[in-house]
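Number of protein chains: 2
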Amino acid sequence: MTHVTSLANNRRLVIDHHGRTREFAALWLRERSPDAETLDPRTGQRLIEAAELPLDLAVESAEARDGELHLRFSDGHRGVFDLDALFDDSPSDPPQRLWDAASAPRPEADFAAAVEDDAALLAMLEALHRDGFVLVSGVPTEEHGMQPLIDRIGPLRRTNWGGIADVKSVADAYDLTMTQRGLEPHTDNPYRDPIPGYIWLHCLTNAADGGDSTLSDGFMAARLLRERDPAAYDCLTRVTPGFRYRDDTTDLEGEGPLIELDSQGDPVRVRYSNRTERVPALPTEELEAYYAARTAFYRLITGEELTLHLKLDPGQMLIMDNYRLLHGRSAFQLAGGVRHLRQGYVDRDSTASRRRVLRRQATLAPTAGEPA
Amino acid sequence: MTHVTSLANNRRLVIDHHGRTREFAALWLRERSPDAETLDPRTGQRLIEAAELPLDLAVESAEARDGELHLRFSDGHRGVFDLDALFDDSPSDPPQRLWDAASAPRPEADFAAAVEDDAALLAMLEALHRDGFVLVSGVPTEEHGMQPLIDRIGPLRRTNWGGIADVKSVADAYDLTMTQRGLEPHTDNPYRDPIPGYIWLHCLTNAADGGDSTLSDGFMAARLLRERDPAAYDCLTRVTPGFRYRDDTTDLEGEGPLIELDSQGDPVRVRYSNRTERVPALPTEELEAYYAARTAFYRLITGEELTLHLKLDPGQMLIMDNYRLLHGRSAFQLAGGVRHLRQGYVDRDSTASRRRVLRRQATLAPTAGEPA
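First to last, the protein sequences are chains A and B.
With full-length UniProt numbering as the guide, the letters of the first sequence map in order to residues 1 to 372.
With full-length UniProt numbering as the guide, the letters of the second sequence map in order to residues 1 to 372.
One chain only, chain A, in its complex shape (with noise of 0.2 Å):
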């Protein structure tokens, strides 16, 4: 049963449909009308300006039928909604699954199958989204092996540093990431505008000793924070610390906290960069409050409770979400043998849209075995 009245001067109308009561705004319905004249069928873009609507718009009619919502609005306007669409709250992505080292997942997918088949780069796409990771194989261990990977994603981002990229020892390293000193979890790149996506991490050689890769989760750490010292917590989503990077030919600076929060106050993207940081002089109780919150951060984030170690091979390739994992790797001594790794980035964006995109059109498919 679905039943429609109407208040504020028809401005809104509060329907109950099957048990479950909502209010629309006549506004908010006029201009989501799904018909051809207000929406492109192709794209979704609206076709009339929205904002040209009298602020006092009203429904004249409203009638509900066969699941339908017909209504008559006061710009002379038709349109009919679906009810159960109308009610629908599911939100467009699946959520995330946050982890600690119990708790851990190992993600894993196969270069080859990932490349050639789309159910493949679909479960691809949703670990990665799901964990923060993925741990591909069979990468062919050649300088752009990733490439026909990322090819069926997106493009590959270029920045001033190039686009795939080497992560090795050098003799005359001018970033730390090519000394052969470990390196404390981190977040790559919080001194640009645009951050980074997502890390792809490629290894060709890791004959070194040492060198292992860590692991934890930025936003299980957010959540453990908020539990445990909640003032930390609420230092960290307020106080934006300065991130820079700086040498003859490149000058980048970017501001953010440490824990970003959206309009619900759930937790969207950490920063955490130790080497580029650059605390701006706030006042002093401030700067104590942010520096006990950051240790108390960086504690959970280097700790047992929550880091993940694993060792790529040769052929192997993590894939990461730099807005909510943290990365760092031990220390390695060369004198072991040659640690060679390839690292490109991948946007946001786009790495969405595949996913979506390829959701929409599983889920349009037939089932396999299932009679045509």
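Please note that the accuracy of each hint is not assured.
What the hints assert, rightly or not - Output of the computed footprint for chain A on chain B, the stretches with three or more beta carbons under 8 Å from beta carbons of chain A:
no. : segment
1   : 16-25
2   : 28-36
3   : 260-274
4   : 344-355
In case anyone wonders, no lab produced these hints; they're calculated from the structure.
All residues carry an ideal CB built from backbone N, CA and C; glycine is no exception.
Assemble chain B onto chain A, guided by the hints.
This is chain B only, laid out in the frame that chain A set:
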């Protein structure tokens, strides 16, 4: 005269330097100690693990002499700081200059000069930073005519739609950009992550009747809205509509407020895209407040008070800050001739880096004409 006193068990210093007094946290000084053990001299990267410094770190001795501050910290480290640098408040970037139609600047640059000469390139980039746009003349009227100037700044941003792309009317238009419709003032692609930083819009032919470009300064619109309708301003900084573009092969979604503020409460990005906005099913009161606020903002960005009109001639190009400016166009009639523009995107970080490095070099270089 410089005078130093300590507070809070030596965890804070109060420095009086030439009549200005400021308080410093010992930890803040320690982690930016300008020596090669603490900060890499070439890149400024921090070499110590700041989060492992003790939170009760203190200054054991402090002495000011010859414009320098000599400190010994409780962890044994000694650091020497330039006192003027400690008190230097100048921002790393020059201020932006907001404009309305009456005060609108007309920053111009010559393509060949900017390609060949660093001083001309710096002037162009500083105008772009200050005014939010710059009009470049003398661009070769070839499909990739803008490329040599992009190569001077940073990589062209590639999206799933490619690199430099056509903006022209086509018979089977799947995007409103390619129709003859006028386009309301908007920012580009708020449904992407990352949102494009700078738009490069290059005119090859513009013989059609109409098709004038319009520009308005979104930061000026935000300032006026805050003065004239603070509730609307507050609403637009708080409510985050979604933005979506969807076709057979693409599914892009983003969200964010129409006026995005930084941690100091100043606008850092505007979003406006009537075509792709999708307002979520918020509580009805909040929706109605949002619609009223959106209309107030729309009146500003479409009103003659803020709108700059110009028509690109062949060989001219606009570079626009897509975080700040709104751009649109009037409708045009193809009966009058062909309208063919080309468009590309360049990132913010590479653009800002180039400007800062050129400024640094210009400041360091001896002034022309001076004796060596």
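These are the hints, each one checked on the structure:
1. 16-25: This one holds; 4 residues, not fewer than the three required, reach chain A with a Cβ under 8 Å.
2. 28-36: holds (count 3)
3. 260-274: The restraint on the segment 260-274 of chain B holds, since 3 of its residues have a Cβ under 8 Å from chain A and three suffice.
4. 344-355: With 6 residues close enough to chain A, the hint holds.
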